[in-house]
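Trainee: What follows is the residue order along each chain.
There are 4 protein chains.
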Amino acid sequence: MSAGIPVGLVGVTGYAGMELARILSGHDSMELVRVTSRSDAGKKLSDIYPFLLDMPLGKLEITMPDVEDLAKSCKLVFLAVPHKTAMDIGGRLRDMGVKVVDLSADFRIRDREIYEQWYKVDHTREDLLPEAVYGLPEFYREKVRDAMIVANPGCYPTSAILALHPVLSEGVVETEGIVIDSKSGTSGAGRGAKVGTLFCEVHDSFKAYGLTTHRHTPEIEQELGVAAGESMTVSFNTHLLPIDRGILSTTYTNLKPGVSPQHVRTLFEKAYGNERWVRVFPEGSLPETRWVRGTMFCDIGFVVDQRTGRLIIVSAIDNLCRGASGQAVANANLMLGLDIEKGLEMAPFMP
Amino acid sequence: MSAGIPVGLVGVTGYAGMELARILSGHDSMELVRVTSRSDAGKKLSDIYPFLLDMPLGKLEITMPDVEDLAKSCKLVFLAVPHKTAMDIGGRLRDMGVKVVDLSADFRIRDREIYEQWYKVDHTREDLLPEAVYGLPEFYREKVRDAMIVANPGCYPTSAILALHPVLSEGVVETEGIVIDSKSGTSGAGRGAKVGTLFCEVHDSFKAYGLTTHRHTPEIEQELGVAAGESMTVSFNTHLLPIDRGILSTTYTNLKPGVSPQHVRTLFEKAYGNERWVRVFPEGSLPETRWVRGTMFCDIGFVVDQRTGRLIIVSAIDNLCRGASGQAVANANLMLGLDIEKGLEMAPFMP
Amino acid sequence: MSAGIPVGLVGVTGYAGMELARILSGHDSMELVRVTSRSDAGKKLSDIYPFLLDMPLGKLEITMPDVEDLAKSCKLVFLAVPHKTAMDIGGRLRDMGVKVVDLSADFRIRDREIYEQWYKVDHTREDLLPEAVYGLPEFYREKVRDAMIVANPGCYPTSAILALHPVLSEGVVETEGIVIDSKSGTSGAGRGAKVGTLFCEVHDSFKAYGLTTHRHTPEIEQELGVAAGESMTVSFNTHLLPIDRGILSTTYTNLKPGVSPQHVRTLFEKAYGNERWVRVFPEGSLPETRWVRGTMFCDIGFVVDQRTGRLIIVSAIDNLCRGASGQAVANANLMLGLDIEKGLEMAPFMP
Amino acid sequence: MSAGIPVGLVGVTGYAGMELARILSGHDSMELVRVTSRSDAGKKLSDIYPFLLDMPLGKLEITMPDVEDLAKSCKLVFLAVPHKTAMDIGGRLRDMGVKVVDLSADFRIRDREIYEQWYKVDHTREDLLPEAVYGLPEFYREKVRDAMIVANPGCYPTSAILALHPVLSEGVVETEGIVIDSKSGTSGAGRGAKVGTLFCEVHDSFKAYGLTTHRHTPEIEQELGVAAGESMTVSFNTHLLPIDRGILSTTYTNLKPGVSPQHVRTLFEKAYGNERWVRVFPEGSLPETRWVRGTMFCDIGFVVDQRTGRLIIVSAIDNLCRGASGQAVANANLMLGLDIEKGLEMAPFMP
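Chains as they are written, first to last, in the working numbering: chain A, 50 to 400; chain B, 50 to 400; chain C, 50 to 400; chain D, 50 to 400.
One chain only, chain A, in its complex shape (with noise of 0.2 Å):
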């Protein structure tokens, strides 16, 4: 793991910033030199993460966030840092010649009135909009490349419009009506210490919440409207899962006329026969959270029900992995010109 590039972490606290450390620990052209946490400032990595003890990455102190510091430092830096903040190091970042995968939304959107409609920030670095990449490699590889900015998906999108493209791009389903039911599990919450998130409120329970107001909805809909080649409106809302790590969307939509199940499964194998991180289920088969845990994997399965004339696509991801880190990971690997596949190369974690 030694004498790889140069890379920082910006926000080593949250689940986003652990993942990274675990998937990084195991990268051998990638040497992350600088973590920064303005709480725990000071500390070695194994302080806060004893699961690094003894290893390499374990050693290396968190220092403040120093933009300068960071320029000099590192050649990319992964920011996993709320919105808003994101935008401002980001930018800084940038500013310096230095490249950036943002995990935040501040890059996402880009139109600057819808980002500001559904976030309630002013975004102050517009001139850079234009120039960020959204960084889903199934669509975005090749930019992706050339990027000086990511931004990184959000990790209900990721499981939306991997499982939604293939079907709008081709026209088979209506873009009218679309429902995408999303289930996340804990680590989606974040890291922070609130009662709501308290072991004893979430174990053996389950619920829906934000409901229709969820702020990966426009980045849904753009990400659609892309592929669709019209402005797209969806229902969108999101449950909390007892469980570690995991998005399953189950998504519904109306076939239009005609439109046969082989004809829906030959438009998914063509969309991703040659992807290695999408995997089509057979036929009779559907996707279980437990079955990507800690890899990059999308797994999609759909079925077609005849008597209402739905195409029902349940999508399935580890949201700290392919919904966070690891694409970050993919992103920054592209950046820096080196295998997409490097530092990711790891199975399934099951049970």
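Mixed in with the good hints there might be a few duds.
In the BS3-like style, the derived pairs of lysine-lysine whose C-alpha atoms are separated by at most 27 Å in a straight line are [to be verified]: (1) A:93 / C:243; (2) D:243 / B:108; (3) A:319 / D:243; (4) B:391 / C:243; (5) A:243 / C:243; (6) B:391 / C:108; (7) A:243 / C:92.
Some residues of chain B that are not near chain C, with every Cβ distance over 10 Å (derived) [stated by the list, open to error]: (8) 82; (9) 134; (10) 140; (11) 180; (12) 294; (13) 309; (14) 325.
Simulated coverage check for chain D against chain C, where a stretch passes if three residues somewhere in it have a Cβ under 8 Å from a Cβ of chain C [to be verified]: (15) 258-272; (16) 279-293.
Rather than coming from a laboratory, the hints here were simulated on the basis of the structure.
No residue lacks a Cβ here, since even glycine has one placed at the ideal position from N, Cα and C.
Once you've looked at the hints, dock chains B, C and D against the given chain A.
Mentor: Coordinates of chains B, C and D only, in the frame set by chain A:
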């Protein structure tokens, strides 16, 4: 628990049987005098359920199912056996003048052909279908009082019908295009020894199953059709949660133009304002399965999505209590002339 | 729930407070008329605990803690606040003639010095220590009836003392060399917002904590000393389980030479044969936390290991019910002249 | 992953088999060319393990176990079958000159009589006991390199022996009076369809099992006896955790007079300072099962209790990786002349 009305239970070894034992151990007007199981006959109930140790009910001996003996000993019998077996035993008991609460699906579907099409078996007691009452107390309370056979509703249908009945019967949502996305705890999958429901296969994971083909579909469509006054087709789909108990259904409907959220609220309050067991959540809050745990409550919350014109209803029940054995006891209470709440006055079990 | 004896609860927002609310909502001789919380004053109880929605208790308004008001309104007050705060409020209430059940440790340790050494605070109400009664009903039932202040036992001590009392008081095990290896569900860690008890930190994991230093140690040693008739030192160690409720303690003792397993059984049966809430398991079976969930039961099983000369005792309780609020209600029942079982007649919650 | 040394696996359908498949799918010097299962022969591996879909290993066809075929195709065979079956297949393979890593207990106990007494079967290959090597790499690494048969250690023994070996071999604790209180995740109970390991029977609960009678006892005593240089008897007892993976053992010993905590630390560091896979925790911190998840680490922490004169050692491993299949791969690496860490370089899986 002494000297209550004598009742019996056929099929005590599953989760519905276990839950009936839990509830009846605290019921002071009904006394469980027969519990049967082919596999465990001869044992005391506390031998298979140590939670009943040192409780009077724990001393009851499990017997082989014997219709004559049940008829002689019991005024009412609960059937917690698979469909097909239930119609046979239930029919014979009813022929002998014993009241029956059947937790299987055998008497739920009024149309024999629909039953046979979904359940793939012949219905041998079609003669009893006209008199069997669908035991959802909110809508059939009076009929249950006079019934000899009550078809205890399915768990998913209970959550779906209570959610949709008020808005369908008042005609404020379209009957077309309804999606019911349901998620159930693992006790709903039964207590049979199967690899698929082992702890390590379910824990920390989530999956969809039985998409478009779940046998509760015709039951839901039948009762929603009664509410709407027209034949209904819905898209009903199910998922497995890594929790013991609880069903949460997220139901998507198209609101008719001009119907305000306030009006929807009025309709729910009109329907359930006097119903002890249906709680309509205030605006801004939504049900969670933990808040109904161990009880008869069906919690209902809703959101109107102005962007998509949808009314989204979230309903939560305990699948074992409201969705099976608790509801069975409520029906038995009615059939035996007792207060419907007898033995069911428990507060939700939190956390 | 109307017109019972008026009681109050100081500190309603933690898990002990939540459990008291659950139990008292079904208690028909005691009425909760005051619930206090500094952080949630002004809200209705159902605002913070939606599981109480539409139940009479849910309508109760939370108030700021006010000793004068409590004294005027209540015959008895439960204290579910941290140690030190409890001795202050509890002492003032007792001075005003109000009965107090204190769920903290402040009045449990009879020796002020030992208290101060383990809890690192001064005891300002040493005057009340002689009259405070340790509220373990099996051993102090009669004293509790006449008490003005009851020190409600800790959760771990309840499981440990009930396990060891019969064999220590009869002198069949050595007083030296006892190891109590205890494991507790996460509700025992409280409802404060801390990273360490977030779902993703606890779920699917297990750890030891507080080895050799847990503050329940002096309480255990005090009561075992009473049983043994001599000063006791034990090795008491604790672990955190990824479950909501439940404590299971595995206790290792050295059996004195010549004591047979049959004799040990006789002693347990003599001690607890007439105790409704202590269940001695038959040979060959052992307690599990699920079998006592939601109840006052302490389940006890044991094994004699001929190879090592050890008697190993396994005891299980529900840490919130028997280990805190249920036991508090039992004590309050006694202090108010009610049947000790009032409001506590529930069957274990399975699964 | 192509063109590695060909190896086989007998018994792929259990959790140890599943874990071997996970690890070997990323091993680039060993190639799994045969996987057998009586029940699933004829299927592709990804048919039973969808997590392997679209991975090269997923395409491997499951065959019936056939010793001749295995001997022809493989240089080394892993046995993940029950004891007794293993001694038969393993013996025949060894007779044909094939190297064997046996995950069962059949070759772990050097004394045939002790084996037969605890396992209640005859040992039919006593001739192989002298040459079989107990595959705990920290102590038998060199012997494993030359072995034809390696007895892969049990999961509990791995955690117990690594915890106690340094202090027993240096004679700083008494050999009498040792208590090993172990807790294991449910994957340790196997993948057979049994009611007792269904999700709803294990989830949100905790129990002791097999007190004083666990078959790993003689294995622990044998190896601790080697360390101590004298025959050992320990009290070893086991509990079932509602987690997928992980064992945590809390071990109680009596420290000899005058031995300081610093000296104990020195001994652990001397024993494991150069061992990549044993991590000795700094003072004040203790292992948790999540910090070793998916890895070969055995994490060890300890506390000296001055009040009772005890040294308490806490050790944690992943029962499937370090406690079974990962250790098997480490042994296979040694036997095949590969670097011991090949295929096992993963960081712990958090959260």
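Trainee: Look at each hint and say if it fits the structure.
Mentor: Each hint tested on the structure:
1. A:93 / C:243: holds (21 Å)
2. D:243 / B:108: At roughly 26 Å apart (the allowed maximum being 27 Å), residue 108 (chain B) and residue 243 (chain D) satisfy the hint.
3. A:319 / D:243: violated (42 Å)
4. B:391 / C:243: violated (41 Å)
5. A:243 / C:243: With a Cα-Cα distance of about 7 Å, the restraint between residue 243 (chain A) and residue 243 (chain C) holds, given a limit of 27 Å.
6. B:391 / C:108: Cα-Cα ~23 Å, so holds.
7. A:243 / C:92: holds (20 Å)
8. 82: holds (17 Å)
9. 134: Consistent with the label, residue 134 (chain B) stays out of reach of chain C, its closest Cβ about 23 Å off (over 10 Å).
10. 140: holds (31 Å)
11. 180: holds (34 Å)
12. 294: violated (7 Å)
13. 309: Since the minimum Cβ distance to chain C is about 24 Å, residue 309 (chain B) lies beyond 10 Å and the statement holds.
14. 325: Since the minimum Cβ distance to chain C is about 8 Å, residue 325 (chain B) lies within 10 Å and the statement is violated.
15. 258-272: Holds: 3 residues of the region 258-272 of chain D have a Cβ under 8 Å from chain C.
16. 279-293: Held - the region 279-293 of chain D has 9 residues with a Cβ nearer than 8 Å to chain C, which meets the minimum of three.
Checked against the numbered hints above, the structure breaks hints 3, 4, 12 and 14 and satisfies the rest.
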